[in-house]
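Whenever a hint applies, use it, and build me the whole structure from the sequences.
For the protein sequence lines, the chains are A and B, in the order given.
With this note's numbering applied, the first sequence covers 74 to 615.
With this note's numbering applied, the second sequence covers -5 to 210.
Hints in this document: simulated from the structure, not taken from any laboratory.
Wrong hints could be hidden among the right ones.
Pairwise CB distance ranges (calculated) [claimed, not checked]:
1. V164/B - L99/A: 15 to 25 Å
2. Q176/B - H257/A: 24 to 34 Å
3. Y205/A - H126/B: 29 to 39 Å
4. F198/B - A412/A: 44 to 54 Å
5. R87/B - I568/A: 49 to 59 Å
6. A404/A - N175/B: 48 to 58 Å
7. L125/B - S382/A: 30 to 40 Å
Listed next, the stretches of chain A that the computed footprint assigns to chain B, with coverage defined by at least 3 CB atoms under 8 Å from CB atoms of chain B [stated by the list, open to error]:
8. 282 to 289
9. 304 to 315
Even for Gly, the Cβ is constructed at its ideal location relative to N, Cα and C.
Chain by chain, the residues run as shown.
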Amino acid sequence: MSSQEIAIEPKLNYLNCDYSIKSWLLTTDHKRIAWLYMMAITFFFTVGGIAATLMRLNLLEPQGLLVEPETYNKLFSIHGIIMVFFFLVPSIPAVMGNFLLPMMLGARDVAFPKLNLLSWYIFMTGGSLVLYTVIAGGVDTGWTFYTPLSTLYLNTHVMAAAGGVFIAGFSSILTGLNFVVTIHKMRAPGLTWFRLPLFVWAMYAASIIFIIGTPVIAISLFLIVVERIFHVGIFDPSLGGDPILFQHLFWFYSHPAVYVMILPSMGVISELITAFSRKRIFGYHFVAFSSVAIAAIGFLVWGHHMFISGQSVYAGLVFSALSMAVAIPSAVKVFNWTATLYKGSISYEAPMLYALGFIGLFTIGGLTGLYLATTGLDQHVHDTYFVIAHFHYIMVGGAVMGYLGGIHYWWPKMTGRLYPDGWARVAAIIVFVGFNLTFFPQFILGYLGMPRRYAVYPPEFHTLNVISTAGASILGLGYVIPLIYLAWSLRYGPIAGPNPWKATGLEWTTSSPPPTHNFEETPIVTEEPYRYDRLAEEIHVA
Amino acid sequence: MHNSQAVVAEQFDDRVQQHEAASLGMWIFLATEIMFFGGLFTGYTVYRNLYTTAFETGSHLLNARIGALNTAILIASSLTMALAVHSAQTGKRAKLIFFIISTMCLGAAFLLIKFFFEWTHDYAEGFVPGLHFTYAGPHASHVALFMCFYFIMTGVHALHMVAGEGVLTVLLIMAWRGRFNQERYNAIEMMGLYWHFVDIVWIFLFPLLYLLGARF
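Pasting the structure below:
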């Protein structure tokens, strides 16, 4: 840092207060812990992305271009395990939630800062175990660990992988616990529940899922490990065990986990849409309660993963109806965002491009979810690329777009620097184009009958697979560009100032980067969030 | 030394907020524990429903009298734990130390009985699936399933007891050094919640595992 810059920002903030490695590894500052998580999940995203790249390359040729079928099994397993448990689930909660939640609440830190740091170490322990799995030769159960495949038939590193996910689960649990307590007990004076930013509501809903869902997958994976070590028959049909029971336990967490991925992203989108259309959110209460509704109903739909697994037809009917019901609060959000845009003063900065992309892609992902919730149609498309395309529209088109949009929006707050907006817009458009080119053909492939998880396919699917792989390379480029200019901006970006977007919200009232305790004085909140109408007047008067 | 430490951690405004946050955090943690055990209870219920006779047979292989004795010991330990919390809140150091030690002894008694009089015996009899299972009566594989759940559920419960004993040891040292008083007893109170929870899990485990079917 040059002496001139020191003159510009002489203030002590959470970044320049201490530069030692120890001060990072033993920090209890929620903002620094957010950075620790960001480094970790960026790394895991890269590993998962490399696995995806190899898969797409292999699918360039019908008979498989690159790898043996066994290796392909390991690639999609490690892609799924890492992307779900070590990128998507922690992404927005552990990075942006950690950084922003206390600031949005006007608090000095989360309720349990040491526990917060412990969560990161637990996460890294689980992650290391999964990385060991990759290095030691991989695991080929798929991310679903279905029994009896995972307990009886495979001799890969199932226990290490399951153990890694088991351990990382406790990191989710502790993060969720920390957030719920923080939201309940640490709000600034005057910050009532209906003055909370919608991001906080979304984090609250996601935390509830962490708390209630994660222990169940922990015990399911624990049972798998016990079954493998002692060769007992908890899920082994030949010994009286029931493999379907595992699927019930697994999906009881793993379907709500989808909402853990998408709800925080929806929270980010609510912030972005209001900030860049300079309007109050349309239907605040509806958006807030739809988060809670999604979390609640989301716990009652897991059976739609098991329509053809041997679950009773009546259970299937009920799960089908409940799965349809989740579409209602999801649609409420989309309609309210759209209504917020209506007659707004919209500008197209990079975060807004991600937000708009999110709305479109999430809508496609959500509507195709209704196809899959229909018991009859699901017979046809179950375990095909249609499912793959559907959940990538939700998880990549939804969750990752929200993550990138949020990173861009709050980057100036986190670092005190602006990134080059032109490059950011280009990257956002590349991501959008690359994403659609990758995954839209997969809807067609799946509908035509191409099953998921195969290293080879009939020649008539060749063209669509080539298009998909081409799209994936564009998508990959779209992910690399932000890495470069964001890193560049750390040193060379222009100074951001406390509120570069002229946005509302407590996090924008403090300096960028914020001081260690976030605020010079505890803020007092006197009005609802998103008063862009008033803010506009103030700017006009000034 | 302890006087220099602030009673209220820096992220909190006052003691009330700190106490409420700790309580809520502990209750949420217990909720996650309920879900954790809930997965096991669900599995148990499913199989008990499928293999009712085999599960009754399996249950009769267990020693309900020792189970009852352990239940009594654990309930007594909940009483001493509650008294420890009360002593902490009223600032009675000697009583606090006494009741923590009592709780630890009762917990240790439970674990020792569990290990030496039950599991060791079960192993000798050949009731342990995966390690030493020689039971050859009717429905042997389903009885094995019952035994699986018996060992996993009581094992996970015992692990929670061991963890509790560990934390109690730390609290005992802190109490010895006079770290607790009328203003500062959060840790003891939270430990109390945890201990009662582990106790209640056992209250469910005992009838489900030991008391199935007509017995006496």
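Status of the hints after comparison with the structure:
no., hint, verdict
1, V164/B - L99/A: 15 to 25 Å, "holds (20 Å)"
2, Q176/B - H257/A: 24 to 34 Å, "holds (25 Å)"
3, Y205/A - H126/B: 29 to 39 Å, "holds (31 Å)"
4, F198/B - A412/A: 44 to 54 Å, "holds (49 Å)"
5, R87/B - I568/A: 49 to 59 Å, "holds (56 Å)"
6, A404/A - N175/B: 48 to 58 Å, "holds (56 Å)"
7, L125/B - S382/A: 30 to 40 Å, "holds (32 Å)"
8, 282 to 289, "holds (count 6)"
9, 304 to 315, "holds (count 8)"
Going through the hint list in order, the structure satisfies each hint without exception.
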